[in-house]
Amino acid sequence: GAGVSQTPSNKVTEKGKYVELRCDPISGHTALYWYRQSLGQGPEFLIYFQGTGAADDSGLPNDRFFAVRPEGSVSTLKIQRTERGDSAVYLCASSLNAMTSGSWSGELFFGEGSRLTVL
Amino acid sequence: AQSVTQLDSQVPVFEEAPVELRCNYSSSVSVYLFWYVQYPNQGLQLLLKYLSGSTLVKGINGFEAEFNKSQTSFHLRKPSVHISDTAEYFCAVSELWAGNNRKLIWGLGTSLAVNP
Numbered sequence: 001g002a003g004v005s006q007t008p009s010n011k012v013t014e015k016g017k018y019v020e021l022r023c024d025p026i027s028g029h030t031a032l033y034w035y036r037q038s039l040g041q042g043p044e045f046l047i048y049f050q051g052t053g054a055a056d057d058s059g060l061p062n063d064r065f066f067a068v069r070p071e072g073s074v075s076t077l078k079i080q081r082t083e084r085g086d087s088a089v090y091l092c093a094s095s096l097n098a099m100t101s102g103s104w105s106g107e108l109f110f111g112e113g114s115r116l117t118v119l
Numbered sequence: 001a002q003s004v005t006q007l008d009s010q011v012p013v014f015e016e017a018p019v020e021l022r023c024n025y026s027s028s029v030s031v032y033l034f035w036y037v038q039y040p041n042q043g044l045q046l047l048l049k050y051l052s053g054s055t056l057v058k059g060i061n062g063f064e065a066e067f068n069k070s071q072t073s074f075h076l077r078k079p080s081v082h083i084s085d086t087a088e089y090f091c092a093v094s095e096l097w098a099g100n101n102r103k104l105i106w107g108l109g110t111s112l113a114v115n116p
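Chains as they are written, first to last, in the working numbering: chain A, 1 to 119; chain B, 1 to 116.
Source of the hints: derived by calculation from the structure; they are not laboratory data. Since no wrong hints were added, every one of them can be taken at face value.
The calculated lysine to aspartate or glutamate pairs, modelled on EDC-like cross-linking and capped at a C-alpha distance of 20 Å, are:
| # | chain 1 | residue 1 | chain 2 | residue 2 |
| --- | --- | --- | --- | --- |
| 1 | B | K103 | A | E44 |
| 2 | A | K78 | A | E112 |
| 3 | A | K78 | A | D56 |
| 4 | B | K103 | A | D56 |
| 5 | B | K69 | B | E20 |
| 6 | A | K11 | A | E112 |
| 7 | B | K103 | A | E107 |
| 8 | B | K69 | B | E95 |
| 9 | B | K49 | B | E88 |
| 10 | B | K49 | A | E107 |
| 11 | A | K78 | A | E44 |
| 12 | B | K58 | A | E107 |
| 13 | A | K15 | A | D63 |
| 14 | B | K58 | B | D85 |
| 15 | B | K49 | B | E95 |
| 16 | B | K103 | A | D57 |
| 17 | A | K17 | A | E83 |
| 18 | A | K78 | A | D57 |
Based on the sequences and whatever the hints tell you, model everything.
Set out below in structure tokens:
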């Protein structure tokens with residue numbers, strides 16, 4: 001695809017429900033990142049994939065959050081038993097090489113985000 | 001731990017005026033530095049980056065930034081702004097640690113409002 005695609009663009013759910021957010025990165029990009037952005041804040045790191053594996057999940061706030069990337073391209077962020085504090089814009093980004101790679105270009109390509117509202 | 005401080009949360013400016021958006025970071029090791037821009041209802045887009053070499057870096061849309069190691073700053077400047085520059089601007093720092101690991105640490109953002 002031309003850019004990073006995220007669906008849905010908007011999701012409204014009730015407290016306690018389960019949600020899935022999808023990210024389709026730029027074709028050929030091996031690294032994929034999930035961030036969360038609350039109002040008036042900068043992006044907050046959640047998890048980073050290199051290929052199919054989660055290379056760093058230290059930013060996931062608790063065990064209600066989980067992400068997968070089974071075939072090394074599309075990724076899904078899963079949130080169980082949603083809480084009002086989970087309301088935020090969830091951003092996905094990809095890069096050709098990992099930030100840990102000596103050949104990293106220094107640029108992340110972001111999608112437009114998925115706005116999650118938990119009532 | 002490294003941190004990024006964007007000193008101004010909001011910067012109002014008139015069209016064609018110069019602007020400077022300030023960014024300071026705390027780190028004792030070598031860093032990569034970035035400015036990203038987020039236009040209304042759009043995703044974050046890289047404006048410019050400093051990885052190495054010349055401390056004055058030029059980006060898209062006429063923006064430039066200067067890396068000042070002694071002052072740990074990476075301020076963003078544009079000599080003449082346009083209405084279309086109205087957006088949220090984020091400074092980010094990537095520090096090399098624990099071997100090859102890197103993470104981006106973000107500032108809180110500066111909202112630039114260009115008025116006619």
